[in-house]
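Undergrad: Taking the hints into account, I'd like the entire structure generated from these sequences.
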Amino acid sequence: MHDTGLSFIFFEVSALVMLAAALGLAGLLLRQPLVVSFIAAGILAGPGALGLVQSTEMIAVLGQIAVAVLLFLVGLKLDVKLVRNLGAVAVATGLGQVGFTAVVGFLLCLVMGIDPLSSVYIAVALTFSSTIIIVKLLSDKHEIDSLHGQIALGFLIVQDIFVILAMVVVSALGFGGGEGETGLQEILLLAGGALALMAFVWVFVRWIANPLMGLIARSQELLVIFAVGWAAGLAALADVIGLGQELGGLMAGVSLASTPIRDAIGARLAPLRDFLLLFFFIGLGAGLDLSTLGAQVAPAAVLSVFVLVGNPLIVLAILGFMGYRKRTGFLAGLTVAQISEFSLIFMAMGIALGHVDEGAMGLVTLVGLVTIALSVYMITWSHKLYVLCEPFLGVFERSAPYRENGDSAPAEGEGPDVVILGLGRFGCRIGQGLKERGLEVLGVDFDPEALKTWRAQGMTAQFGDATDPEFVAHLPLARVRAVISAMPRGRGNVLSEADTQPALLHALKAAGYRGEVAVTVTRGAEADAYRDLGATLVLSPFEDAAERAVEKIAEACA
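Residue numbers (my numbering): 160 to 717.
Hints listed in this document are in silico derivations from the structure and should not be mistaken for laboratory results.
Backbone N, C-alpha and C define an ideal beta-carbon position, used for all residues, glycine too.
Do not rely on the hints blindly, as some may be mistaken.
Stated by the list, open to error - Restricting the straight-line Cα-Cα distance to at most 20 Å, the calculated cross-link-like pairs of lysine to aspartate or glutamate (EDC-like) are:
no.: 1; residue 1: K668; residue 2: D691
no.: 2; residue 1: K611; residue 2: E599
no.: 3; residue 1: K594; residue 2: D576
no.: 4; residue 1: K594; residue 2: E675
no.: 5; residue 1: K236; residue 2: D433
no.: 6; residue 1: K668; residue 2: D576
no.: 7; residue 1: K611; residue 2: E563
no.: 8; residue 1: K236; residue 2: D422
no.: 9; residue 1: K668; residue 2: D687
no.: 10; residue 1: K300; residue 2: D606
no.: 11; residue 1: K300; residue 2: E685
As the list claims (entries may be wrong) - Computed Cβ-Cβ distance ranges for the label pairs, DEER-style:
no.: 12; residue 1: G351; residue 2: G210; range: 44 to 52 Å
no.: 13; residue 1: L184; residue 2: D422; range: 25 to 33 Å
no.: 14; residue 1: W366; residue 2: L165; range: 41 to 49 Å
no.: 15; residue 1: A429; residue 2: Y561; range: 32 to 40 Å
no.: 16; residue 1: S417; residue 2: L254; range: 23 to 31 Å
no.: 17; residue 1: G693; residue 2: A426; range: 33 to 41 Å
no.: 18; residue 1: A355; residue 2: V220; range: 21 to 29 Å
no.: 19; residue 1: R584; residue 2: Y561; range: 27 to 35 Å
no.: 20; residue 1: V262; residue 2: G352; range: 26 to 34 Å
TA: Put into structure tokens, the structure is as follows:
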């Protein structure tokens, strides 16, 4: 017998997915992240527009699973060893930005007439930056391994830890609200349940996680099924205890963060996370009361300007104080010029506990839409923005930005014969060969691990970003006979800025360098363009290696 109810739900889901796909395509053409498109799809499908959303309970359940999976993936990144090794820069920048944004945001909300409790929630929500958006944009620009990219990733981890603490506090605030003995019993039950859950997770991590995941990893399909079941199961268990589904999902991720296959789990679950988050943001957009958003436009504009301008400035100030160049601080600061999907999840928790109303949620959602949409362009065009703003940023840089001046650069009056920019396998091998031929070689990279490996071979190294014209201008080029760029051209097509070679060639020319310049290409067709920009030698690792391999094979077959 044909079930019309199921048919309608099927039609509803398919219509929502197609609507989200259409708006997602439009957002892609406008270089917008899917978060904006999904919320727009929810608003359009909601009762104030097309009225497609009818099965609200089903969408809510899918949204809850999405949040559990999302926080599970965040927990996967919070390896205890990684957190323990966080540098002072990441901690100082992360805590400084969180503290500044929370305090100033709270005061702005009070000035605009928002009640104190709602102001606390809104201020905390403003401190979260979107790890997903930032990592995606930096990866597209091939800047995830740059100096400012690594700093941004560091303070994003600090923010993730703050997210956990904020959600723990909010979950705890939902209990103990009764009076007398009943309230005390609830608090004791919550504390006991939390301790029991943490003990269970500790036992799992200590004795079960690695051998169990070693068995499950033999089947990629089983790996995905177990990961989703583990995330949803601990989320449900934490919810029963009273800690909330969000904290349960996080703990599930943390319990697997130290296993060797955590990256494989994250890669497998990312598409599922994106699909399920569609329903969370659709439900969020559909639940907005459009009639109340008009009153939130002015406060949203004020808070959006604060996030877009204030957050980057505080990061710029902190990094400048700690000895980084203004360029590094500016580029890293732009990454926090938006609020996160976690901001909306945090506000949804406040609504569920009765601490804030729909008006506060609408305000944060508007701020999210504005800041996410604009920050995408700010990060995408960050280098051009820096050129425009650079004359006004001198106050944010020390007279001697010691963290980027190189701790083992050649002494005054001395200098290398060759400078190699990029100390990956290709750059290291070139450096070893040149050293064996009696040449003094200086290696430059922004990756501390690459520098450590280079120095372990007895080579001189300098920390820095070769795409920064100011850094190139300070290189000891007086005696240098050749500069070798072992940084291959990025394969992305987001911006021409993804190609680091032209920026380097222009910087060397501006610095007055007239020696040999070798650049690395991935395709031979790029050679002429680089020669026009000043390269005197073009290295093609893949083609050169193939030719050498052909020679060896031909010799063996002769």
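Undergrad: Run every hint past the structure and note whether it holds.
TA: These are the hints, each one checked on the structure:
A threshold of 20 Å between alpha carbons decides the hint, and for K668 with D691 the separation of about 12 Å falls inside it, so the pair holds. A C-alpha spacing of about 18 Å is found between K611 and E599, which places the hinted pair at or below 20 Å, so the restraint holds. Note on K594 and D576: the hinted pairing holds, with a Cα-Cα distance of about 10 Å set against a maximum of 20 Å. Pair hint K594 plus E675 holds up; C-alpha atoms about 17 Å apart against a cutoff of 20 Å.
At most 20 Å may separate the alpha-carbon atoms for a hinted pair to count; K236 and D433 meet this at roughly 17 Å. Restraint check for K668 and D576: the C-alpha separation of about 18 Å stays at or below 20 Å, so the hint holds. About 16 Å separates the Cα atoms of K611 and E563, which keeps this hinted pair within 20 Å; it holds. Restraint check for K236 and D422: satisfied, since their Cα atoms lie roughly 9 Å apart, inside the 20 Å limit.
With a CA separation close to 18 Å, the supplied pair K668 and D687 stays within the 20 Å bound. For the suggested pair K300 and D606, the alpha carbons sit about 17 Å apart, so the restraint of at most 20 Å is met. Using a Cα cut-off of 20 Å, the hinted pair K300 and E685 holds, with the two alpha carbons roughly 19 Å apart. At about 46 Å, the CB distance of G351 to G210 agrees with the hint of 44 to 52 Å.
L184 and D422 have their C-beta atoms about 30 Å apart, which keeps the hinted 25 to 33 Å range intact. In this structure, W366 and L165 meet the distance hint of 41 to 49 Å, their C-beta atoms being roughly 44 Å apart. In this structure, A429 and Y561 meet the distance hint of 32 to 40 Å, their C-beta atoms being roughly 39 Å apart. Take S417 and L254: their Cβ atoms lie about 24 Å apart, and the range 23 to 31 Å holds.
Look at G693 against A426: about 40 Å separates their beta carbons, and that is inside 33 to 41 Å. Remark: the range hint 21 to 29 Å for A355 to V220 is upheld by a beta-carbon distance near 26 Å. A beta carbon spacing of about 30 Å between R584 and Y561 agrees with the range 27 to 35 Å that was offered as a hint. Take V262 and G352: their Cβ atoms lie about 33 Å apart, and the range 26 to 34 Å holds.
Every hint from the earlier list agrees with this structure, and none is contradicted.
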